[in-house]
Amino acid sequence: MSSSKVAQPRNRVTAGSSPETSCLQCSYHDPTPIFGLRSEKWMDVHVGDIIKLENNQFVTADLLLLSSSEPLNLVYIETAELDGETNLKVRQALTVTGDLGDDVSKLADFNGEVLCEPPNNRLDRFTGTLAFAGQKYALDNEKILLRGCTLRNTEWCFGLVLFAGPETKLMQNCGKSTFKRTSVDRLMNVLVLFIFGFLAFMCTVLAIGNYCWELGEGSAFTVFLPRQNGHDGAFSSFLTFWSYVIILNTVVPISLYVSVEFIRLGNSFYIDWDRKMYHSRSDTPAVARTTTLNEELGQIKYVFSDKTGTLTQNIMTFNKCSINGKTYGDVFDYMGQRLEINEHTETVDFSFNPLADPRFTFHDHALVEAVKLEIPEVHAFFRLLALCHTVMAEEKKEGELSYQAQSPDEGALVTAARNFGFVFRSRTPDSISIVEMGEQCTYKLLAILDFNNVRKRMSVIVRSPEGKLSLYCKGADTIICERLHGSCTKLTNVTTEHLNEFAGEGLRTLALAYKDLDEDFFLQWQQRHHEASTALEGREDKLEQLYEEIETDLLLLGATAIEDKLQDGVAQTIEQLSKADINIWVLTGDKQETAENIGYSCNLLREEMNDVFVISGNSPEDVRQELRNAQKTMKPGATEDCTFLPERTLGKSVKALADETVNGEYGLVINGHSLAYALERSMELDFLRTACMCKAVICCRVTPLQKAQVVELVKMYKRAVTLAIGDGANDVSMIKVAHIGVGISGQEGMQAVLSSDYSFAQFRFLQRLLLVHGRWSYLRMCKFLRYFFYKNFTFTFVHFWYAFFCGFSAQTVYDELFITLYNLVYTALPVLGMSLFDQDVNDAWSFQHPQLYVPGQLNLYFSKTAFFKCALHSCYSSLVLFFIPYGAVSQAARTDGRDVADYQSFAVLTQTCLLFAVTIQLGLEMSYWTAVNTVFVVGSLVMYFVVTFTMYSNGLFLVLPSAFPFIGTARNSLSQPNIWLTIVLTSILCTLPVVTYRFLLILLRPTINDKVMFKVRQAKASPPPLPRRARIRRTSSRRSGYAFSHAQGYGDLVTSGRFLRRPAPPRSSGFAHTGRATSGFSPMGRSAGYSPAERAQYAKAQEVETTSLQMYRTISDAAL
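For what it's worth, the numbering used here labels the leading residue of the sequence shown as 64, then goes sequentially.
Some hints here could point you the wrong way.
Straight line, CA to CA, 27 Å or less: simulated DSS-like cross-link-like pairs of lysine-lysine [stated by the list, open to error]:
(1) Lys389 x Lys553
(2) Lys642 x Lys1078
(3) Lys698 x Lys642
(4) Lys507 x Lys152
(5) Lys1074 x Lys642
(6) Lys152 x Lys459
(7) Lys519 x Lys553
(8) Lys531 x Lys578
(9) Lys718 x Lys781
Simulated from the structure, these hints should not be mistaken for lab results.
From just these sequences and the hints, can you work out the full model?
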């Protein structure tokens, strides 16, 4: 990525002596300067450079804004990558630097000194001064463009680089990259150390045995095997020790790590090739960006998710409304039954409105009909939406309007009013121009009663073209209802029912009201308002009192319902993950109310919960008390001291916090400033304990660094695997810290994807990544490890038992060729086939029974206990494999009377029994047989016999006698019935305990896997029918307030004129007045979206000819 900058000699930053500040000297004086712009990569941007940015470009570094193309040197930025908010924010340059404009020569001659804070991670604060032309100017966050922001609706701007690269605030929040290893890796390392110690122990035992044998039996052989001079029993035992180190080295899994990486690579390809995780709309497949973490996807206990762009689509849609006691937006069939709206539902035709936004869709034709019939309440409703806001309009071409909304809620509402015939066209500091059903109207703007988090409402006072004074107000319904006139009681009750229904569907609700003002009263109020707004003391209290005075006796118009559109399948995904006992925490930079609304919309928070605790203390003592009160509510008998798990023998030195069970389900919501106290060393355990008791946790207004700190806290004190998922640069820090990081390829750039371990396009793919690919990978890896240790230990322990019968002479029990090919050929492909293709149940059953995921969280498939069970099983099998063949051939004879108790025949019999035993064990481990698996298993046995008969043939012995001493052994041994009887007997004895143990376990203590696999067998392995989720309408008294991403003080910016763009060229209304004329409609209903970044979301629906029955129903409904 490149950006333009002024070509000039640079003066580098000089750090001041004070640790609190750093000094930036930017002087550009050159006798022969060359003025111009050149493109540079981000890596080549340095402190002191002057950068030119253009519309929709990312900000390259932390910049001091110098000038811009907009009036009064304003720029509009989107900070979604920093705080997750999609609403636009305003920054303004100093007047003294704004005069430089886009004159490159003036910019190159800019000579100033910036004294500012050192690099830090505070995104909401900046302090510094600019010394220029003998004057000092204060610098704050409103004059700084931070790296990670995106320039919007601004043609160009220039900025001075203050911090670049790792010193930028964004990078200061990102944290360090760490090498990630799975818990299986860490356990394997511990087990390998144990195996080395066990190998040394076995070799020592055998060396001692050799020494004792040499002192006793060995002296009888010195007659015909005399020792060399100086070689006694001690020296022989020393040589025997190292000989057995070589012979028994197969107990050390040298090839294990190579096989593990190969299996991980194969399972990574499955993720890349999964068509069900491919997003066709954006042409984005799932990508496994690492091959070392696959099995840990099957052990996730905590998921940390961003909200904006991860759970939501960054789109606000006008979904429904209630006007004068009647709801609009639902769709009914001819029987009066409500229909579910989908992409095939017919949309309203807005062709009567040439200024309509083609991206906007709505499905209920009754509302358009009401507008065309000029019902007064409906017109007043949309007139309010077109007037009561702080949106700015831009019209570069005739009829092509684009709205710049500080709040996405406002953008959606103004866009809805635009499509229904009340088009906001332009504004000045003292007027608002709209087009009402084709007629151009200009309202005089007399006052804006701005929004803040306490008022939860905003109002405008306007004078209509007829001279009528009116106050229009919109805000949280609970606030508006308190200020209504007594005559609205009946309408209020009806509208409240509608609001409850809207809120029950997870929609963001908003009440609308108005009031006609008396001229004399308003003049007096306006005078007092001017005095209060210019007061030096108590200004905010005086203004609040005046606002309360005039915002009374309002008349209710109705309510709106806006949907903060979730990504497809988010609610279902969260529900599935919750059933899999995965705890989901949402860490967002958005405001508390917005995050709560999304929490309810996506079923993270539910009305059925016993309680949802809100932690909002402003001091450490308040936060601690609120946390402990929550603990006592969830667990009345709980002590204030935390309960820790017993320490591990080998593992983390930090004590792990034990899980605590509570009666009921609870949620926790904590804001950023309270979280800062909760993460302090003295309080972090209280916070973690409270949060872990809750089913869902939402952290609001958190910085990127706080996200990482929360994830690190869980990693430190919980024996659990964590996963972080996000789509923006503000999520990079937690993605790096978590055990597994997942990036969403969304609208906020690729920073999160580039830092992630796995990436895909939609949050809903997470359930397939974990419940299918993760669980299968973990299951396959655990089966592989158990079987690998079993076959190697069994192979090696036979050598150990044989040593007691060969005088501890370090003689191998198998043929050298078999030893070479055992791991390389005979057992390599079958175990790899199982590790790549095995699955206990298919993906449909995995989704239907998400509880199958729980054993992975508890490490039930492979642990130290499972390893020692495997070692004991190998010890038993090796005893059977040695002593049964030994007893069978020691006194046996061939059918022709010859002896078969020779070393070579015993070796062939033992190794054949071994291969059959481990192959049958593999078949018992495998749950899913494929053609590939079958070929690998059968092919390995066939390969053994082919190689054995070939290598023991007469021809090869004649060619190289010393290399093939086992001439004719296979032919002579394997042709005897008693040999095959021995093979069958050893195979049965090796597998009988396993079969018995599993039968009793399934019968007496069946696991969830056993129960589901039994269901699968009953269903004859056919995939189960997918459950149809009914659309549940839940009633709720919880309602969202108004425009939670709206910032206080925006009204002052509008009325001051600093916010305004250059005037647009004169134009016609472009709107044909329709009067009461009606056209054909069909009874369908719902809206499309408003995106503050002006991204096209939906195409305009095709025109559809309507039937007379549809027209009749529409007109009949409109007349009600």
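Structure-based check of each hint:
| no. | hint | result |
| --- | --- | --- |
| 1 | Lys389 x Lys553 | holds (13 Å) |
| 2 | Lys642 x Lys1078 | holds (19 Å) |
| 3 | Lys698 x Lys642 | holds (22 Å) |
| 4 | Lys507 x Lys152 | holds (26 Å) |
| 5 | Lys1074 x Lys642 | holds (17 Å) |
| 6 | Lys152 x Lys459 | holds (21 Å) |
| 7 | Lys519 x Lys553 | holds (24 Å) |
| 8 | Lys531 x Lys578 | holds (11 Å) |
| 9 | Lys718 x Lys781 | holds (9 Å) |
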